[in-house]
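K.L.:
Given next are the chains, with one letter for each unit.
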Amino acid sequence: DTGVSQNPRHKITKRGQNVTFRCDPISEHNRLYWYRQTLGQGPEFLTYFQNEAQLEKSRLLSDRFSAERPKGSFSTLEIQRTEQGDSAMYLCASSPVRGLSYNEQFFGPGTRLTVL
Amino acid sequence: QKEVEQNSGPLSVPEGAIASLNCTYSDRGSQSFFWYRQYSGKSPELIMFIYSNGDKEDGRFTAQLNKASQYVSLLIRDSQPSDSATYLCAVIPFGANNLFFGTGTRLTVIP
Numbered sequence: 001d002t003g004v005s006q007n008p009r010h011k012i013t014k015r016g017q018n019v020t021f022r023c024d025p026i027s028e029h030n031r032l033y034w035y036r037q038t039l040g041q042g043p044e045f046l047t048y049f050q051n052e053a054q055l056e057k058s059r060l061l062s063d064r065f066s067a068e069r070p071k072g073s074f075s076t077l078e079i080q081r082t083e084q085g086d087s088a089m090y091l092c093a094s095s096p097v098r099g100l101s102y103n104e105q106f107f108g109p110g111t112r113l114t115v116l
Numbered sequence: 001q002k003e004v005e006q007n008s009g010p011l012s013v014p015e016g017a018i019a020s021l022n023c024t025y026s027d028r029g030s031q032s033f034f035w036y037r038q039y040s041g042k043s044p045e046l047i048m049f050i051y052s053n054g055d056k057e058d059g060r061f062t063a064q065l066n067k068a069s070q071y072v073s074l075l076i077r078d079s080q081p082s083d084s085a086t087y088l089c090a091v092i093p094f095g096a097n098n099l100f101f102g103t104g105t106r107l108t109v110i111p
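Same order as they appear, the protein sequences are chains S and Z. Note that the numbering used here has the first sequence beginning at 1, numbered continuously upward. Note that the numbering used here has the second sequence beginning at 1, numbered continuously upward.
Extracted from the complex, chain S is given alone in its bound form:
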């Protein structure tokens, strides 16, 4: 399977705990994005990387959130001191930098986070 993969698919945690999610983009895609989606809403942008550089962060990305893409391949999103309001589907997407498809973002299956 050459699509975007995300792990874990589901995560249940207690308030105050830290969680980390992983995303593996499509192999030839240089850009990687994180979005968050809550019930009844469209996905909302959190941050994006071009190769290993984090080029943009949304104001939604509070200090408790951090994302990395150390070698320009997979990325991790960590949430520290989780709150119930963090419960959502966390989506990763990737796109190529250039070419006819450079704007087209392809999503992974998502990680559903439930904070108790």
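No lab work stands behind these hints: they were computed from the structure. Hints are supplied without guarantee of correctness; some may be wrong.
Footprint (simulated), chain S over chain Z, 3 or more residues, beta carbon under 8 Å [as the list claims (entries may be wrong)]:
id	segment
1	16-25
2	55-61
3	67-81
Within a straight-line C-alpha distance of at most 25 Å, the following computed DSS-like cross-link-like pairs (lysine-lysine) qualify [as the list claims (entries may be wrong)]:
id	chain 1	residue 1	chain 2	residue 2
4	S	57	S	71
5	Z	67	Z	56
6	S	71	S	14
7	Z	56	S	11
8	Z	42	S	14
Cβ coordinates follow ideal geometry from the N, Cα and C atoms, glycine included.
On the provided structure of chain S, position chain Z as indicated by the hints.
P.N.:
Same frame as chain S, now just chain Z:
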């Protein structure tokens, strides 16, 4: 004002009919427009993109873009029950790199 607005629906059409989904956007400089399909509990799946004014057809799907009216639509011909899903309109505004999504329109195709 939200960047992207969609009628939340729900929209119900009989099998074989044409489903019409509409979307407006606020940034006049936007250049890239996308339609994603999302089944319940799943992630969004890209089904159409359009960059130029006019129509773009792909199988049973037609995307229509009118930049003067800041309007983009998706037509689904010969609707099938398997088309029942939420359809998300997304836009990349001028100068941005990320997608801005509408809240989605829930489509139900009745057999």
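K.L.:
Holds or violated: residue 42 of chain Z and residue 14 of chain S, Cα atoms, limit 25 Å.
P.N.:
holds (24 Å)
K.L.:
Verify this for me: three or more residues of the segment 67-81 of chain Z with a beta carbon less than 8 Å from a beta carbon of chain S.
P.N.:
violated (count 0)
K.L.:
For a C-alpha distance cap of 25 Å, please report whether residue 71 of chain S and residue 14 of chain S respect it.
P.N.:
Status violated; Cα separation ~31 Å.
K.L.:
How does the coverage statement for the segment 55-61 of chain Z fare against chain S, requiring three or more residues with Cβ below 8 Å from a Cβ of that chain?
P.N.:
violated (count 0)
K.L.:
Hey, residue 57 of chain S versus residue 71 of chain S, does the alpha-carbon distance stay inside 25 Å?
P.N.:
Holds: residue 57 of chain S and residue 71 of chain S sit about 19 Å apart, inside 25 Å.
K.L.:
Is the listed coverage of the segment 16-25 of chain Z by chain S valid when you require three or more residues with a beta carbon under 8 Å from a beta carbon of that chain?
P.N.:
violated (count 0)
K.L.:
Holds or violated: are the alpha carbons of residue 67 of chain Z and residue 56 of chain Z at most 25 Å from each other?
P.N.:
Within the cut-off at roughly 14 Å; holds.
K.L.:
Residue 56 of chain Z and residue 11 of chain S: Cα distance at most 25 Å?
P.N.:
violated (40 Å)
Violated hints, listed in ascending order, are 1, 2, 3, 6, 7; each of the other numbered hints is respected by the structure.
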